[in-house]
Amino acid sequence: MTSSVSQAVFNDSTNLVEIRDVHFARGTRPILSDMTLTIPRGKVTVIMGGSGCGKTTVLNLIGGRLRPDRGQVMVDGLSVPDLNIKALYALRKRMGMLFQTGALLTDLSAFENVAFPLREHTRLPEALLRHVVLMKLETVGLRGARDLMPAELSGGMARRVALARAIVMEPMMIMYDEPFTGLDPISKGVIAKLIRELNDALGITSIVVSHDVADTLAISDYAYLLGGGRILAQGTPQALQQSTAADVRQFMQGLPDGPVPYTYPARAYIEDLFDGGSP
Amino acid sequence: MRAFQYLGGAALDGVERLGRATLFLYEVVSGSWMLVRRFYLVIEQVYAVGVLTLVIILVSGGFVGLVLGLQGYNTLAKFGAADSLGLLVALSLVRELGPVVTALLFAGRAGSALTAEIGLMKATDQLAGMEMMAVNPVTRVIAPRFFAGIVSMPLLAALFSVVGVLSGHMIGVGLLGVDVGAFWSQMQNGVDFYDDILNGVIKSVVFGVVVTGIAVFEGYDAVPTSEGVSRATNRTVVYSSLAVLGLDFIMTALMF
Chain A
0 MTSSVSQAVF NDSTNLVEIR DVHFARGTRP ILSDMTLTIP RGKVTVIMGG
50 SGCGKTTVLN LIGGRLRPDR GQVMVDGLSV PDLNIKALYA LRKRMGMLFQ
100 TGALLTDLSA FENVAFPLRE HTRLPEALLR HVVLMKLETV GLRGARDLMP
150 AELSGGMARR VALARAIVME PMMIMYDEPF TGLDPISKGV IAKLIRELND
200 ALGITSIVVS HDVADTLAIS DYAYLLGGGR ILAQGTPQAL QQSTAADVRQ
250 FMQGLPDGPV PYTYPARAYI EDLFDGGSP
Chain B
0 MRAFQYLGGA ALDGVERLGR ATLFLYEVVS GSWMLVRRFY LVIEQVYAVG
50 VLTLVIILVS GGFVGLVLGL QGYNTLAKFG AADSLGLLVA LSLVRELGPV
100 VTALLFAGRA GSALTAEIGL MKATDQLAGM EMMAVNPVTR VIAPRFFAGI
150 VSMPLLAALF SVVGVLSGHM IGVGLLGVDV GAFWSQMQNG VDFYDDILNG
200 VIKSVVFGVV VTGIAVFEGY DAVPTSEGVS RATNRTVVYS SLAVLGLDFI
250 MTALMF
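If you read the sequences in order, they're chains A and B.
Residue numbers for the first sequence follow numbering that gives the first Met the number 0, beginning at 0 and rising by one.
Residue numbers for the second sequence follow numbering that gives the first Met the number 0, beginning at 0 and rising by one.
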C-alpha cells in the first residue's frame with residue numbers, strides 16, 4: 000500500500016533519485032540526519048563534503064547496500080529499502096558504480112573484467128560479447144590494454160577499465176565514488192572528460208561523490224555540499240562558488256580553520272600538559 | 000566480577016560468531032544450485048585449492064611413510080613381528096595420519112590462502128563491486144571455493160596415504176629387509192575396505208567441510224584492513240587445526 004502511494008507522489012519523471020527525510024546512524028553515531036536530496040535525470044550531480052561526512056553513505060543507500068533508519072530512498076519510482084533481493088538485483092543491473100579503487104577483479108584481465116557483467120547476466124555469443132567489450136574499452140581509450148592484468152594498469156587506467164565495466168550493461172545511471180582521488184592531473188582530466196561525455200552521449204544520469212572542488216564543479220550541473228550529516232548548501236556550481244556562507248566558503252576555498260575547527264575537541268591545553276598523570 | 004563479565008562477553012561473542020558462520024554456510028549451500036550449470040567455476044578452484052597443494056601433500060606423505068617404516072620396524076622387530084610392517088603402515092595412514100595430517104597441511108596451505116584471498120577481495124571492494132553489478136559474491140566467489148575444498152580434501156588424503164604406503168614399502172622392504180610378500184599380504188588381510196578405508200574417507204570429507212568452511216567464513220567475515228586480514232588468516236589456521244584434531248578424536252571414538 001505505502002509503496003503505491005509513495006510512487007504516486009514521487010513518480011516525477013524529472014528526478015531519477017529522490018531521498019526524503021533520511022536518517023542513518025552507525026551504532027549511536029548519526030551519519031545522515033533528515034537529509035532530503037534529489038538527483039535530476041540526465042544531469043551530472045555532485046555531492047561534495049569533507050571526509051567522513053556521509054557522502055559514500057548516500058551512494059550506498061541509493062545502491063541498496065545500506066538501509067536508512069527512517070525516510071525514503073526512491074530510484075526510478077522504486078523504493079529501494081523495500082525491494083526484495085531479486086528486485087534489488089534487477090535494479091542494480093540498471094546502475095553502474097565506479098569505486099574509488101576501481102574494484103577490478105584482480106584475477107581477470109581488463110577484457111574479462113569488462114566482460115564480467117555480460118557473462119554473468121547475459122548469454123551473448125562470444126563474437127558479439129567481444130564486440131561489445133571492445134566498444135566499451137574503445138570508449139575509455141583502452142582497447143589496446145585489453146590483455147593487461149589489473150596489477151599492470153596505472154591508477155587512472157584501472158579506473159577507466161572499471162568505468163568501461165560500469166557502462167557495459169548500458170545503465171540508466173552511474174555513481175562515481177571519489178573518482179579523482181589519487182590521480183595525476185592528466186588522468187583526472189581524462190576521467191572528468193569521460194564523466195561529462197558519457198553523461199551527454201549516452202543520456203546517463205551521473206552522481207559524483209567527491210571532495211575535489213575544482214575538478215568536480217567544472218563538469219557538474221548541480222551540486223550539493225554536505226557537512227555534519229546535513230546539506231549545508233546546494234545549487235549550481237557558480238552559485239556555490241559565490242556563496243558567502245562561512246561553512247560553504249571554508250570548504251570551497253580550503254581554509255584550515257572556520258566552522259569546521261582545526262583542533263580536535265580536547266580539554267584545556269595547560270591543564271593537559273601539567274597534569275603529569277595518566278596519558 | 001570483571002573476570003566473569005569478560006568470560007561472559009567472550010562466550011557470547013563466540014556463540015554469535017558461530018551463529019553467523021552457520022547462517023553464512025547455509026547461504027553458501029543454498030546458493031550453490033547455480034554451480035551445476037557453471038561447474039567450471041568449481042574446477043578452476045579445485046586447481047587453486049587442490050592441485051597447488053599437491054606438492055606439500057606428496058612430500059609430507061613420503062616422509063611420514065619413511066618414518067612410520069623405520070619406527071614400526073624397530074618396535075615390531077622386538078616382538079618378531081616385522082612381517083606385519085605393511086599392515087601397521089597402512090592402517091596408521093588410512094585411519095589416522097592420512098586424513099589428519101592432510102587436513103592440517105591443507106589448513107596451512109589452502110585454508111590460509113583462501114582466507115587471505117577472500118579477505119583481500121573484500122578489502123579492495125571487489126566483493127562490494129560484484130554486489131553492485133548484481134552478482135551475489137556468496138554464490139559466485141565463496142560457493143565454488145567451498146565445494147572445491149570439499150572435493151579436494153579426500154583426494155589429497157588418499158594420495159597422502161598412497162605415497163606413505165609406498166615409501167613405507169621402500170624403507171621396510173628395500174632397506175630393512177622385510178619380506179615383500181608378507182608386507183603386501185598382511186596389509187591385504189588386515190585392512191578392511193569399509194571399516195578402515197571408507198571411514199578414513201568419511202573423516203577426510205568431514206575435515207574438508209570444516210577446514211574450507213572456516214577458511215571461507217573467516218575471509219568473508221574479516222575486518223577489511225591489512226591487520227584484519229592477517230588476523231583472519233591466523234584464526235583460520237588455528238581454528239581449523241583445533242577443529243580437525245578435536246573432531247578426529249570424536250570420530251575415532253565413534254568409528255573404531
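The set of hints was computed from the structure by calculation and includes no laboratory data.
The reader is advised that the hints may include incorrect statements.
Okay, the calculated beta carbon distance ranges per label pair [said to hold, decoys possible]:
no., chain 1, residue 1, chain 2, residue 2, range
1, B, Arg16, A, Gln237, 51 to 59 Å
2, A, Asp256, B, Tyr39, 53 to 61 Å
3, A, Gly49, B, Gly18, 48 to 56 Å
4, B, Gly227, A, Ile185, 33 to 41 Å
5, B, Gly227, A, Ala150, 18 to 26 Å
6, A, Thr121, B, Leu17, 54 to 62 Å
7, B, Leu17, A, Ala89, 47 to 55 Å
8, B, Val58, A, Glu196, 34 to 42 Å
In silico negatives: residues of chain B with every beta carbon more than 10 Å from chain A [claimed, not checked]:
no., residue
9, Val66
10, Ser83
11, Val134
Stretches of chain A that chain B covers, calculated by requiring three or more beta carbons in the stretch to come under 8 Å of a beta carbon on chain B [stated by the list, open to error]:
no., segment
12, 78-91
13, 99-112
We put the CB at the ideal spot given by N, CA and C, even for glycine.
Against the structure, the hints come out as follows:
1. The given range of 51 to 59 Å is respected by arginine 16 of chain B and glutamine 237 of chain A, whose C-beta atoms sit roughly 53 Å from each other.
2. Aspartate 256 of chain A and tyrosine 39 of chain B have their C-beta atoms about 59 Å apart, which keeps the hinted 53 to 61 Å range intact.
3. Our hint of 48 to 56 Å for glycine 49 of chain A and glycine 18 of chain B is violated, since their Cβ atoms are close to 38 Å apart.
4. Distance hint check: the CB atoms of glycine 227 of chain B and isoleucine 185 of chain A are about 34 Å apart, consistent with the given range 33 to 41 Å.
5. Taking 18 to 26 Å as the suggested C-beta distance range, the pair glycine 227 of chain B and alanine 150 of chain A conforms, at roughly 22 Å.
6. Look at threonine 121 of chain A against leucine 17 of chain B: about 39 Å separates their beta carbons, and that is not inside 54 to 62 Å.
7. Range check, leucine 17 of chain B to alanine 89 of chain A: Cβ separation about 34 Å, and the 47 to 55 Å hint is violated.
8. Hint check: valine 58 of chain B to glutamate 196 of chain A, Cβ distance near 57 Å, so the stated range 34 to 42 Å is violated.
9. The claim that valine 66 of chain B lies off the interface holds: its Cβ sits roughly 38 Å from the closest Cβ of chain A, which is beyond the 10 Å cut-off.
10. Listed as outside the interface, serine 83 of chain B is consistent with that label: its C-beta sits roughly 50 Å from the nearest C-beta of chain A, beyond the 10 Å cut-off.
11. Not every beta carbon of chain A lies more than 10 Å from that of valine 134 of chain B, the smallest distance being close to 5 Å; the non-interface claim is violated.
12. Chain B is given as covering the segment 78-91 of chain A, and this holds because 3 residues of the stretch bring a CB closer than 8 Å to a CB of that chain, at least three being needed.
13. Coverage of a stretch by a chain is defined here by at least three residues with a beta carbon nearer than 8 Å to that chain's beta carbons; for the segment 99-112 of chain A and chain B the count is 6, and the condition holds.
This entry does not satisfy hints 3, 6, 7, 8 and 11, going by the numbered hints stated previously.
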